[in-house]
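Engineer: Protein chains in written order, with the numbering used here: chain A, 1 to 398; chain B, 1 to 126.
Keep in mind that the hints were calculated from the coordinates and are not lab data.
Source: prediction; values computed, not measured.
Note that beta-carbon positions come from the ideal geometry of N, C-alpha and C, so glycine has one too.
Among the clues, some could well be false.
Okay, the calculated beta carbon distance ranges per label pair [what the hints assert, rightly or not]:
#1 B:L7 with A:P239: 53 to 63 Å
#2 B:A54 with A:E382: 40 to 50 Å
#3 A:P214 with B:E78: 44 to 54 Å
#4 B:R40 with A:M264: 49 to 59 Å
#5 B:T21 with A:E330: 25 to 35 Å
#6 A:R300 with B:P49: 25 to 35 Å
#7 B:P49 with A:A349: 37 to 47 Å
#8 A:R175 with B:E78: 50 to 60 Å
#9 A:P214 with B:R40: 22 to 32 Å
#10 B:L7 with A:R253: 37 to 47 Å
List of simulated lysine-lysine pairs, DSSO-like, C-alpha gap at most 30 Å [said to hold, decoys possible]:
#11 A:K150 with B:K3
#12 B:K96 with A:K150
#13 B:K77 with A:K150
#14 B:K108 with A:K150
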Amino acid sequence: MFRAHWWAAVAAVTRQVGDLEVAEDAVQDACAAALAQWPAEGVPASPRGWLIGTARHKALDRLRRERRRACREAEAMREEAAALPASGWAAGTDDELALIFTCCHPALDPAARVGLTLRCVCGLTTAEIAAAFLVPEPTMAQRLVRAKRKIRQAGIAFRVPGREDLPARLSAVLRVVYLVFTEGHLAAGGDVLIRGDLCDQAIRLARALTALLPGEPEVTGLLALLLLTDARRDARLSPAGDLVLLAEQDRGRWDRAMIDEGEMLVERALRLGRPGPYQIQAAIAACHSGAATAADTDWREIALLYGELIRYEPSPMVAANRAVAVAMSEGPAAGLVILDTVSGDARLARWPQLYIARAELLRRLGRRAEAVAAYEAAVALEPPAPERAYLARRMREW
Amino acid sequence: MVKYMFLLYGGPGDQLPEPGTDEFERMRAEWGAATGAMERAGVLLDCAPLQPPAAATTVRVRDGETLLTDGPAAEIKEHFGGYTLVECADLDEALKWAATLPAAQVGKVEVRPVVQVVAPAEQPAG
């Protein structure tokens, strides 16, 4: 129940006292106090208001006790904040936006941005975040402490970026949400392939951002992408826990409600006429979700979309995905030509998907020995256990 | 308002151009433009280029004994060539100004906040 109010509470108290670390601790304490008092005294009429008010008192007490300069600077910051332009965003939500923009500030280490967002915005505990990213809890705790200290020492302002800064800063926020999702969608390590709770958090963040920034098509595009991708969750693992390829998934197990919403959102975003990478990726996902069977997939459209995506993200990963799409629409030889032109890129050397893609194309061309070598190269890069099992199975099936 | 120091780093081979050359004039113009803008914006407190690292002497005092070494304190490839001291509303503003410096184009600029030291007279009573 507290998680529903966490973001708003931390945001409001940070705005009021001018110190993120103190605000977050105070909200934590207020929740503990609520847990102790509400069962006996009853839940207040406005739980969020109670939490914010209680947390503010605790925060101000602490700042007074510690006699930090932050208190006086907070006065100054509050006066400046009052002069901020409304920029068309709903009143009262500026603080929540300010909080996520602060947590995702480019001056912070990228890993720290993810952890800080999960902590301050989503309300996950340090233990939960550490477990999600497979680092020891003290390590994650240190990372969060350092990030909050950097915010204070470097003078990172608590506010929503202005018009000219917004595109770059928003891009950083969307990247964090996307990272949270991809970590949940396909965990980089450990034995559990899918961490559904991280996917849920990412979707929750994307939904909130869409509500806060309805005029930003990339935000809507990201939400669409996450919904369309997560809709496949139940079909992605076999009963034995092995990874099931998109082409082989039981599409009856896809969540149609999420797909319908995702497809609607893609169209809504594209109508705004400002395309971008997340919208394009969502459109690609919609091509898959719109196909009743794998054979019905419009690979030509997907290849075109990857061709568009490459203009925004000229990475070899995107080129490799385009190669696969071209292979599916024009035949494996054509796809292999594209893959071979990107294979030399050093960034792909440790990316198992490249070798898997090559292996599948070589296999379809009947070049068995090379296909086996590519499978083995993929295995040698030590992908997660369920992916290794999939590769082993493909090699056995020959 | 927060004070920031910009630490200007160039590449290892960086030398200041010879006075009187075209290159020197161009460098002076670029720097003049950048610092002039900061001055007009009211953020510039101080700035100066430094003599090269070879001109430095490093001082350490250990066990009451003062030890001097010829050269800079840090053994780094990059040449720490100058500093700029500004006072800005927050980090975003400081970063924007740092990006306008010529050193940011050819080398690196480190943006370090200055510790706000509370003078004894300013400390709250009690």
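Engineer: So, for every hint listed, does it hold in this structure?
Structural biologist: Hints versus structure:
1. The beta-carbon spacing between L7 of chain B and P239 of chain A, approximately 59 Å, falls within the hinted interval of 53 to 63 Å.
2. Between A54 of chain B and E382 of chain A, the C-beta spacing of about 49 Å keeps the proposed range 40 to 50 Å intact.
3. Taken as a hint, the range 44 to 54 Å holds for the pair P214 of chain A and E78 of chain B, whose Cβ atoms sit roughly 46 Å apart.
4. For R40 of chain B and M264 of chain A, the hinted distance range of 49 to 59 Å is satisfied, since their beta carbons lie about 51 Å from each other.
5. Distance hint check: the CB atoms of T21 of chain B and E330 of chain A are about 59 Å apart, inconsistent with the given range 25 to 35 Å.
6. For R300 of chain A and P49 of chain B, the hinted distance range of 25 to 35 Å is not satisfied, since their beta carbons lie about 59 Å from each other.
7. The supplied range of 37 to 47 Å is met by P49 of chain B and A349 of chain A, whose beta-carbon atoms lie about 43 Å from each other.
8. For R175 of chain A paired with E78 of chain B, a C-beta distance near 29 Å fails the hint of 50 to 60 Å.
9. The supplied range of 22 to 32 Å is broken by P214 of chain A and R40 of chain B, whose beta-carbon atoms lie about 39 Å from each other.
10. Checked against the hint of 37 to 47 Å, the pair L7 of chain B and R253 of chain A fails, with Cβ atoms roughly 57 Å apart.
11. Our distance criterion of 30 Å between C-alpha atoms is met by K150 of chain A and K3 of chain B, whose separation comes to about 15 Å.
12. Of the pairs offered as hints, the one joining K96 of chain B and K150 of chain A holds, with about 18 Å between alpha carbons and a cut-off of 30 Å not exceeded.
13. Distance hint between K77 of chain B and K150 of chain A is fulfilled; the C-alpha atoms sit about 26 Å from each other, no more than 30 Å.
14. Only pairs whose Cα atoms come within 30 Å are accepted, and K108 of chain B paired with K150 of chain A is accepted, the gap being roughly 20 Å.
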